[in-house]
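**Q** Protein chains in written order, with our numbering: chain A, 41 to 355; chain B, 614 to 708; chain C, 942 to 1038; chain D, 258 to 370.
Calculated directly from the structure, the hints in this document are not laboratory data.
All residues carry an ideal CB built from backbone N, CA and C; glycine is no exception.
Careful: at least some of the hints might be erroneous.
Derived DSBU-like pairs (lysine-lysine); straight-line CA-CA distance at most 30 Å [as the list claims (entries may be wrong)]:
#1 C:K983 <-> C:K1008
#2 C:K1008 <-> A:K327
#3 A:K323 <-> C:K983
Here are some of the chain B residues that sit facing chain A, going by a computed Cβ distance under 7 Å [stated by the list, open to error]:
#4 V634
#5 R645
#6 A649
#7 G656
#8 V681
#9 K692
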Amino acid sequence: MTVASTLALILVVLLLSVAAWTVVARQTFAAVVGFVAYGLLLSIAWVALSAVDVALTEAAIGSGLTGVLLIGASARLRVTEAAASPERPGALLRGLGALASAMVAGGIAASVLSLPEPAPTLAPAVAEHLPSIGLGNAVTVVLLAYRGIDTLLESIVVVFALIGVWSLAPDRVWGGYPGPRQYADPNGILAYLGRVLPPIGIIVGVYIFWVGADLPGGKFQGATILAAMWLLGMMAGLADAPPISRTWLRILLVAGPLLFIAIGFAGALTAGAVLAYPDGYAKLLIKVIEAALMPTLTLTLALLVAGRPERTARG
Amino acid sequence: MNDFLLVAAGFLLLTVALGLVRIMRGPGDADRMMSAQLLGTGGVAVLLLVGAAASVPAAIDVALILAVLAAFASVAFVKSASPPESIADKEAGGA
Amino acid sequence: MSFLLDVLTVAAISAGLFFFLAGSIGLLRFPDALSRLHALTKADNVGLGLVMLGLLPRADGLLAALKLVFVWLLVLLASSMVSQLVARVARRGGSPS
Amino acid sequence: MNVPTLFGLCAAALVGLGLYGVLTNPQPLRKLLAFNLIGNGVFLFFGVIARRGAAAGFAGDPVPHGLLITGIVVAFSASALAVALLLRLFQATGSATLTGDAPTRAEADDRDV
Chain A
41 MTVASTLALI LVVLLLSVAA WTVVARQTFA AVVGFVAYGL LLSIAWVALS
91 AVDVALTEAA IGSGLTGVLL IGASARLRVT EAAASPERPG ALLRGLGALA
141 SAMVAGGIAA SVLSLPEPAP TLAPAVAEHL PSIGLGNAVT VVLLAYRGID
191 TLLESIVVVF ALIGVWSLAP DRVWGGYPGP RQYADPNGIL AYLGRVLPPI
241 GIIVGVYIFW VGADLPGGKF QGATILAAMW LLGMMAGLAD APPISRTWLR
291 ILLVAGPLLF IAIGFAGALT AGAVLAYPDG YAKLLIKVIE AALMPTLTLT
341 LALLVAGRPE RTARG
Chain B
614 MNDFLLVAAG FLLLTVALGL VRIMRGPGDA DRMMSAQLLG TGGVAVLLLV
664 GAAASVPAAI DVALILAVLA AFASVAFVKS ASPPESIADK EAGGA
Chain C
942 MSFLLDVLTV AAISAGLFFF LAGSIGLLRF PDALSRLHAL TKADNVGLGL
992 VMLGLLPRAD GLLAALKLVF VWLLVLLASS MVSQLVARVA RRGGSPS
Chain D
258 MNVPTLFGLC AAALVGLGLY GVLTNPQPLR KLLAFNLIGN GVFLFFGVIA
308 RRGAAAGFAG DPVPHGLLIT GIVVAFSASA LAVALLLRLF QATGSATLTG
358 DAPTRAEADD RDV
């Protein structure tokens, strides 16, 4: 057994123990903290699998935004916990559930052990076409050139999710401010952190976005960090989310996907296919699309965590 | 040398896993949060070690993201553990 | 020269691991939340600092070295503030009302 | 055993653990956590396939990597929507349970403060 596979084994054992903890923990908050730790271990696992772009995404979303979302939710739902315990299914049902789960896991494990040799791969095809795009990061090229349709639909799905969250607002506060009002002492430590960290975080976010053309990184990871910094400002009571009825907000939320669609359909005329780029312009157009998606993604991800409108005015 | 770095990363993971027992034992929510904080710092160190050993320079960027967001979950915890007004009171009285 | 740097790397990282171990054991064994927090901050500040110091000679290029130092400073900043905030919650009894 | 296979078996176990949690845990928020475990298991399996497809100078097949990034972001937005639904359910009915009788419209409006 090599050193690398021993390290992988340790990681796997830790991942599974923490995952099991999030399932069996008695208190929801304890399970949620376990889930944050689990997200962190998972991003190390992605580095061990040489998927650094994925590790960046998991680090930003999995242990950053998801953690805040779930910690907030578990705190607000804490009073419902006691009522739920009598609903716990009996030993027989749990046993059957365990049996079914074990069978599914066993089936997947069997398919893992019988994966085809040699493994199918699209890497040579990507490598062959990489020079024609002019970007160094193959994952960015896949996201915006070969699988552009996925990325386009994704940027729309994220906005749809936000519309879904907003539509849960009661009529009374429709168009109001998302989430509860945050209070913090303007001279306290939280406010200090809220002033010191965001400038640094914004630089890191823009850096991650900027290097994404040639090195691991990109708009999703960068936008997540920017969204997190905005949320930090909100939690420190220094910034408030805008009311969702603001026109500029709504324009920015759809601007990125709309521009992507426009460039995509322009490709039908200039390059012979929807979402194709004319020769020589691929790099420029990809940069334009990424830059346009950044504000949309930043706003959407932050407002998804902030939640549905709950207040009509400051107070 | 690279093996040393990987062994160090493995040792560090086991060490931090020891701290993870606090997530399970509690007793308070603050204890659980501390354990996650320790795992965050340890995770940053593991990423730096693995990145140096396997020559994955971008692992530093993953560590950078974790470092920027290290305070994030804890701040959410502190906010959720304090009733809206009390954090202002406490800080005014205590700080 | 490179041998000396390797010695520095091994020594600094081993010392860093020791502080992480001490931090973990402290987190596990100390009797109350505030002293556990005290143990934890040693791992953050000194442990990560020593690991970072050990990796500095192996960083490829000035930018990578600067990023290493920057990561450490960020963790320092975050952990010092979070410790303050978490300590307040712990002193109030740990569990939200 | 090599590293990708190890993570592949980990992925299978994660799906199993998550499925057990979804089936047996009565609280919706816990079901959401468990559902995320299933999702992560599927992602990890896909990552293993990407790692095995390393070729042409890449450490992993970049096509699955791109799809994984898309998947993680979409999974997050779905979780956020689920949390918002739960919080609204709690606000409307005072509980966050999926069983029992649904409250009538009038009751829900009364509690809507």
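**Q** Failing hints, ascending?
**A** Hints 3, 4 contradicted; others consistent.
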